[in-house]
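Now for the letters of each chain:
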Amino acid sequence: GNSVTQMEGPVTLSEEAFLTINCTYTATGYPSLFWYVQYPGEGLQLLLKATKADDKGSNKGFEATYRKETTSFHLEKGSVQVSDSAVYFCALISLNTGNQFYFGTGTSLTVIP
Amino acid sequence: EAQVTQNPRYLITVTGKKLTVTCSQNMNHEYMSWYRQDPGLGLRQIYYSMNVEVTDKGDVPEGYKVSRKEKRNFPLILESPSPNQTSLYFCASSFDLMNTEAFFGQGTRLTVV
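So the sequence lines, in the order shown, correspond to chains E and B. Our numbering puts the first residue of the first sequence at 1, with every later residue one more than the last. Our numbering puts the first residue of the second sequence at 1, with every later residue one more than the last.
Note that these hints are calculated values from the structure, not bench results. Check the hints yourself; a few may be wrong.
[Said to hold, decoys possible] Only some residues are given here: those of chain E computed to face chain B with a beta carbon under 8 Å:
(1) P10
(2) S14
(3) F18
(4) Y39
(5) L44
(6) Q100
(7) F103
[As the list claims (entries may be wrong)] Take a look, some chain E residues computed to stay more than 10 Å from chain B by CB distance:
(8) L13
(9) E42
(10) Q45
(11) L46
(12) K49
(13) G61
(14) E63
(15) E69
(16) V111
[To be verified] These stretches of chain B come out as covered by chain E in the derived footprint (C-beta under 8 Å, 3 or more residues):
(17) 18-28
(18) 48-59
What you are looking at is a predicted structure, and each value in this text was computed from that prediction instead of being measured. Built from N, CA and C at the ideal position, the CB exists for glycine as well.
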């Protein structure tokens, strides 16, 4: 079946540090991959997406590359800011196994000045 | 403004008392879904709907019902709530599954005592 595995949190970084949040997946067929962000007290918002192998999604300085050979979609940012403090969710959907979204457990990021 | 609206935002109820959480979207989206968010488990899909009168079970449908009589509305019904349904619930909608973002409501914090 489909599943998403994210690195455990919480993660605490100093401002301007480099960020990596690991995400690996298991899926049949050719899933689309997403990163969503949840700020305190709010719903999830799409951060970036990739719909086929080798695609790179990017937004607000965040990037992730769809790696089919390693079944990974790691989130990176070169220089984090305090405003990036949030919970980040990796997710996938694959039409081959029904029309369901699968989310990782989320990684909490805190950026300190 | 494009949005998904959930009501209520907070609800405390007693075991066995039927309740409904409403969800409405103003974007003419076909796909709508309900999730619950629990610590350490991330988001798990409860039910989803591909269109009017078409609903399907997600990963954790037990104890929940949904209906999709109109395109814009997708209420979540708990016929006989139990304490293990205490959770944070999110409704989401999207135009399609693979390529466009899902828009999330702000969440409903439900406590069943």
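Hint-by-hint comparison with the structure:
| no. | hint | result |
| --- | --- | --- |
| 1 | P10 | 12 Å, violated |
| 2 | S14 | 26 Å, violated |
| 3 | F18 | 25 Å, violated |
| 4 | Y39 | 11 Å, violated |
| 5 | L44 | 4 Å, holds |
| 6 | Q100 | 5 Å, holds |
| 7 | F103 | 4 Å, holds |
| 8 | L13 | 21 Å, holds |
| 9 | E42 | 6 Å, violated |
| 10 | Q45 | 7 Å, violated |
| 11 | L46 | 4 Å, violated |
| 12 | K49 | 7 Å, violated |
| 13 | G61 | 18 Å, holds |
| 14 | E63 | 17 Å, holds |
| 15 | E69 | 21 Å, holds |
| 16 | V111 | 21 Å, holds |
| 17 | 18-28 | violated (count 0) |
| 18 | 48-59 | holds (count 5) |
When each numbered hint is compared with the structure, violations occur for hints 1, 2, 3, 4, 9, 10, 11, 12, 17.
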